Amino acid sequence: MSIALDLAPTTEAEVSEILADSHARRTPLRIAGGGTRVENPGPGEPLSLARLSGVVTYSPAEMTLIARPGTPLPEVRAMLAAEGQALAFDPPDPGRILGRNGTPTLGGMVAANASGPRRLLAGACRDHLLGVRFVDGRGRFLKNGGRVMKNVTGLDLSKLLAGSHGTLAVLTEVVLKTLPLLPARTTLAFPGVTETTALRIFTTALSTPFEVSGAVHVGGTAFLRLEGLEGQLAYRRDRLLALLAEHRPEVVDDAPWDDIRDAAHFATGGPLWRILCKPTDAPGICTGLRAIGGDCSLDWGGGLIWYRGPGNPRGLAPHATLIRRAGVQGPAFPPLPAAVARLQDGLRRTFDPAGILNPGLMDA
Amino acid sequence: MAMPAPDQRIIARGPQIVAALRAVLPADAVIDDPQETRAYECDALTAYRCPPLAVVLPRTTAEVAAVMGVCGGMGVPVVPRGAGTSLAGGALPTADCVILGTMRLREVLEIDTDNRYVRVQTGVTNLSVSAELEPLGFFYAPDPSSQLACTIAGNIAMNSGGAHCLKYGVTTNNLLGATVVLTTGEVVELGGPEMGPAGLDLLGILCGSEGQLGVVTEATLRILPRPEGARPVLIGFGSPEVAGECVANIIRSGVLPVAIEYMDEPCLRAVEAFAKAGYPDCPAVLIVEVEGSRAEIDDQIARIRAIADALNPVEFRESRNADEALAIWKGRKSAFGAMGRLGDYICLDGTVPVGQLPYTLRRIGELSRQHGLEVANVFHAGDGNMHPLILFDANTPGDLARAEAFGADILRLCVQVGGCLTGEHGVGVEKRDLMGDQYAPDDLTIQMQVKDVFDPDWLLNPAKVFPLDASATHRARAAE
Chain A
1 MSIALDLAPT TEAEVSEILA DSHARRTPLR IAGGGTRVEN PGPGEPLSLA RLSGVVTYSP
61 AEMTLIARPG TPLPEVRAML AAEGQALAFD PPDPGRILGR NGTPTLGGMV AANASGPRRL
121 LAGACRDHLL GVRFVDGRGR FLKNGGRVMK NVTGLDLSKL LAGSHGTLAV LTEVVLKTLP
181 LLPARTTLAF PGVTETTALR IFTTALSTPF EVSGAVHVGG TAFLRLEGLE GQLAYRRDRL
241 LALLAEHRPE VVDDAPWDDI RDAAHFATGG PLWRILCKPT DAPGICTGLR AIGGDCSLDW
301 GGGLIWYRGP GNPRGLAPHA TLIRRAGVQG PAFPPLPAAV ARLQDGLRRT FDPAGILNPG
361 LMDA
Chain B
1 MAMPAPDQRI IARGPQIVAA LRAVLPADAV IDDPQETRAY ECDALTAYRC PPLAVVLPRT
61 TAEVAAVMGV CGGMGVPVVP RGAGTSLAGG ALPTADCVIL GTMRLREVLE IDTDNRYVRV
121 QTGVTNLSVS AELEPLGFFY APDPSSQLAC TIAGNIAMNS GGAHCLKYGV TTNNLLGATV
181 VLTTGEVVEL GGPEMGPAGL DLLGILCGSE GQLGVVTEAT LRILPRPEGA RPVLIGFGSP
241 EVAGECVANI IRSGVLPVAI EYMDEPCLRA VEAFAKAGYP DCPAVLIVEV EGSRAEIDDQ
301 IARIRAIADA LNPVEFRESR NADEALAIWK GRKSAFGAMG RLGDYICLDG TVPVGQLPYT
361 LRRIGELSRQ HGLEVANVFH AGDGNMHPLI LFDANTPGDL ARAEAFGADI LRLCVQVGGC
421 LTGEHGVGVE KRDLMGDQYA PDDLTIQMQV KDVFDPDWLL NPAKVFPLDA SATHRARAAE
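Residue numbers (our numbering), protein chains in the order written: chain A, 1 to 364; chain B, 1 to 480.
What the hints contain is simulated information worked out from the structure, not anything from laboratory work. From a predicted model like this one, the values you see are computed outputs, not experimental measurements. In this text, a Cβ means the ideal position worked out from N, Cα and C, and glycines have one as well. Be a bit skeptical, because a hint or two may be false.
To be verified - Output of the computed footprint for chain A on chain B, the stretches with three or more beta carbons under 8 Å from beta carbons of chain A:
no.: 1; stretch: 58–70
no.: 2; stretch: 245–254
no.: 3; stretch: 381–392
no.: 4; stretch: 416–423
no.: 5; stretch: 435–441
Next up, chain B with everything else stripped away, as it sits in the complex (with noise of 0.2 Å):
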């Protein structure tokens, strides 16, 4: 993955930058030591690393503002970072580059539950947000599988999702609000507790904008009261173009789920071996959950299970109490650590309609025998949005760069059948270079025009999103 050469004269006035950070922050808020910056190298991506210039990890708006003021003015790129959970190189830094660390910012500052919101700062943990809720009822919906790990800044700078976005949507469908810090220090308000911004837009185009516009310091989330309960079925298919219809007639029917994911035979196998879930010996395996009393989630049970009925399933399992549910999710949850074992792999995050992805499966099989790489798939059926996994051995020299190209071929394929690079994880570096399979030129340069506005010397987050020609020649231009 190519990156920019780091710019020589920032990375010698270092030690000025370092003096000007720590003249405006608390002793312990600024690292340059070497084998301390070593730890914010790179994020979840961990095949690409970069020890920053420094790191500063501020506790408050008014410090993230007086850093931005400070590398604003002499020009330092800065990289956001939350948790580091970015699967998809988004807070992978530069050498000429500070990295600014929101997890010091983790203060819960406001839970009104009379109005349905929390505000918080952005270095809270997506899970924690919910902990805070639990006792009063309520919950945050969007529940990435990192949320034990990863904050709210992360998931509002990709959208992030997770397993029950099916019905509750993605982050940008949940953010109310957000404080916001700019490349000049200046500290905006967008949104707020109120049910829709006045003006234009512009806490839709900053979320999932992947710290290219602003640094979010500050957050007021949607809350949702807590369902009475929910209850998963596991759903065992003969094959995934049927498995692929039973979603489609499930959705049709009128029920919706709040989720429903997928596992292919690979995936499967790899469960079965680590987790010992009882998973049934299939080619796919649907877990669909639904939510509200008793009564309700028999009634919606006794639908899909007629649905599945129609499709002669290999098995139709219901969860009789919280053991068989958990047992039911259970090898979902472990499906990346199993496959972890197996050997080194990428995950990937393509979307595609949900109409076509018994052809992509067929297709992602036939490119896997082609690149000589083994693949498993688990995903958001309900939602189109696959996780393919790339298994590759990280020892043998050339064998990431093929599991790359495997890679980059899948999320050509999502764009191709009328789906989109990325569903939650992001651009960030790992997409970047694919951007113009999916976005003609001029579609790019709009985007790149709305960074211009927000972030008119590009400092914030460099090399990310935007492929590295284009954002070349778009900043030439704008330099004649």
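Isolated chain A (complex conformation) (with noise of 0.2 Å):
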């Protein structure tokens, strides 16, 4: 018999059995859903929520999305498209920095708080997650939030669990918001342009009304992306048009936006960090990456750097993490002050006691 066969479980009292087992054996586990995401170097039986797969409910005039783990995100994107909706905050593929096949799931999604480049505009993967269902690293049932659009009632744990990289319990079922689909779509395109330009290009735009839900460069080209009912946008990419002209932008009506938004242009080559810092510190920063060797792009208006290179970042900014290791050693998690460590291991402690749920992951 073959222990990862039992270790794919297909319903939430098969998560308890197995974490309450491991909760009492400290058998530590490595919680995976498409394989898309982490690269853990830690211990640990794997963990498969593949199995327990499937959208639960899907109400779209309520804007709501229940669905278990496992779920594939692009048969999520496909089955709300046709309902005019999506998920507005643009979840991105990791897979493709990482280089691995798999297909990512609304498991591993909430799990990363993974956000494109809409964040921006729309807010992070958290700020959609409505509620969730999970079990403990004792193997407790347990639930938070719920399927309304204000829904904090008592703590709000679900954005604990958010981001918090299967490290404090495993997902066994997420609620999400889901928006209109914004029917058009124009880009503006700024070719030849430096980071410190691109950010002056930002700045200006994102201190308009006009809604812009993507701001990045890439390879020397600053993109603005423009979403919505179609008259908007015409008003909307003109203004935009004239308040920029000095910087010569062009229209593009087919940018790579999926590609941006996986960070497909640093798919290969070396150790990739994925920096968050304040967008106007972003251009000096940037001018320090390259002198440690290496290339960098930005996304979030300047929020958020991606760095290939050889070179730690963390001298220059300190909310680095490192994403693809290509070799490199030591935590991928940025260091915490001590007084937040110590909060969070109290909570680490508190949710999964027997420090069985990815153990060494999220650890500076």
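Reconstruct the complex from the two isolated chains, following the hints.
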């Protein structure tokens, strides 16, 4: 009998049994969904959630989707699009930068709080997460939040679980807010600009009420994305073209936003870091990063820097996470101030007293 | 509403506690005169009152940390309080507590429009944040109805919302960072101007924690460029069901209004008698507001009109200028005041899935007859956040208890149809004992265990959020 097969539960009850057993035996687990996301150097048997899959309820008129964690993201995307809706935070396919063939799942997306270029306008995955069902490290079934837009009754544990990378609990159901799919799209491109100029373009565009839904700088070109109703789009495009005329914008109708979202331009070639910063600090940080070797690109109007290169960026920007190790050792997540680390450790001991859930993954 | 018996040992040490607070704060920042502490004996849930042991009004994070150090060291409970506008009794004192008021923490510390955030001390009022930003073309999105008075500290504690949340989200969606004082007096920084926290999202559990985890003294808030314009329309319908259908159809159409507000017949009658807003005489009215340039607004309203027309509305009123827009909002904005003229009321705050609105409204009508009390409904229809107003007479013995029993039935109904106990007012003391209707014992236990991590001695905002029996059992077990 294969152990790997035993650790592919199909029900919440099986998840609970596995976790209670691992808790009692203090045997660590490495949680996986579609196998696209995490480079986990830690110990443990794999626990696959791929078979805990499927949509429980989708109510377009209530803008809510309830699904199990192993549900493939592309399936959900197609189902929502058929009703003219979407997950507005643009979840990326992280497999492309990790060289994986798997399919991203909703559970992995929530566990990583994965959010694409539209994060600027629409917020992060956690902002669209209305509720969760989960099993903690003792094997307890738990729930938090709800299936309505305003749902904080008591402590908002859903937010805590989003971005916890499976170190606190195993998600067994997620409730997400859906929003209307914006029917039309256009892109302004500014070729041949530096990060400093790109930042100026972003700052100007993002200070307008024109709801720019993507502001990135890739390969020396800055892109601004507009999405919405047809009439809205033409008006906003023309106003931005006038406002940014000195930077010689071009209108592009087929800009590769899926590639940009997935950082496909850094799909191969050495260690890859994801750095969060104050947008206006981005050009300076990029100059520093190039000095230690490698390339960078900007997303989120400068608030997110992708850095591919041999150097360690933490000296230049503290909020740097190592996404693709490519041989680099050491903690993937940035170190935390002592008091915050103590609270975080306390929470991990509360949810997972035996330390069985993805040990080593988020440790600084 | 039961409150735990105050700890007489703490009350007996009152003079020492006040002396210790005086030693670390300026003279005018400590109040223990019973005449003056009386002003803090309740918040906006005025049915419950209890003067605190003392009140402190610090001006800086360091002063707050000093207060927490003193109270933490002496084992004295602390009730944080913003402007005291909580409708759920979230800042109700106990006789053995120190009220920590944040209203003197009112500096706007930094405005950064290039990075689209502001950093403020949390005693600033919600409206004043947007007022500071207005000349720069920006605003802070969450807009609770009490925004003229309520503070950012209270907004963060209760994860406050408002009419425009349909598009912009509630406080948690607009909070980037916080300076938090723990019960030890330790100061921690969570989040910041970056779009995303390092490590676990501690800010996410702090927001909406109702003062259970720490005291927030400074906050970094996301700000947004002001829209070019906004315009409301008013649509009257022959039945609540059809109004509900209209809400769903608008949302499905791809138009995302910034607000969809609903008022039912009893509410409309009260509002008309009071504000004379000229609303149509019909069972249900929607106010739908859209934003953008003039042409964008015209386009969106044309789409909404087509959706509404298919449902045979009693009236579709478009505002053609600022005065007409104001007139449309006038009744809605004065709804709570208008209801107050009819008598005493309690304002509830449950949330239901939008598709359940017609059924929920019908059941509330039945419950109203059963309890023999009138109820009016005004709420944020786009997100299902209901505010039933239950009318009663405070001078009639037993009437308040009847109103509360009716309110509890409505909130249980919200949970039964898949919603939850609160949308934007918080649990406080008001809904504390209903938490067991929404959550299983283990679901509450994990929340209480999270509190243990931040506040091991349970000194912060006692007797709120968690049912008294559940928290007593949990604490007793922890002490073993």
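Using a Cβ cutoff of 8 Å, are there at least 3 residues of the stretch 435–441 of chain B near chain A, or does the coverage claim fail?
holds (count 4)
Holds or violated: the stretch 245–254 of chain B covered by chain A, criterion of 3 or more residues with Cβ-Cβ distance under 8 Å?
As far as the stretch 245–254 of chain B goes, the hint holds, because 6 residues have Cβ atoms under 8 Å from chain A.
Check, residue by residue, whether the stretch 416–423 of chain B contains three or more positions whose beta-carbon lies closer than 8 Å to a beta-carbon of chain A, and give the verdict.
holds (count 6)
Do three or more residues from the stretch 58–70 of chain B put their C-beta atoms closer than 8 Å to C-beta atoms of chain A?
The restraint on the stretch 58–70 of chain B is violated, since only 0 of its residues have a Cβ under 8 Å from chain A and three are required.
Annotated coverage of the stretch 381–392 of chain B by chain A, confirmed only when three residues or more have a Cβ within 8 Å
holds (count 4)
Of the numbered hints given earlier, the model fails hint 1 alone.
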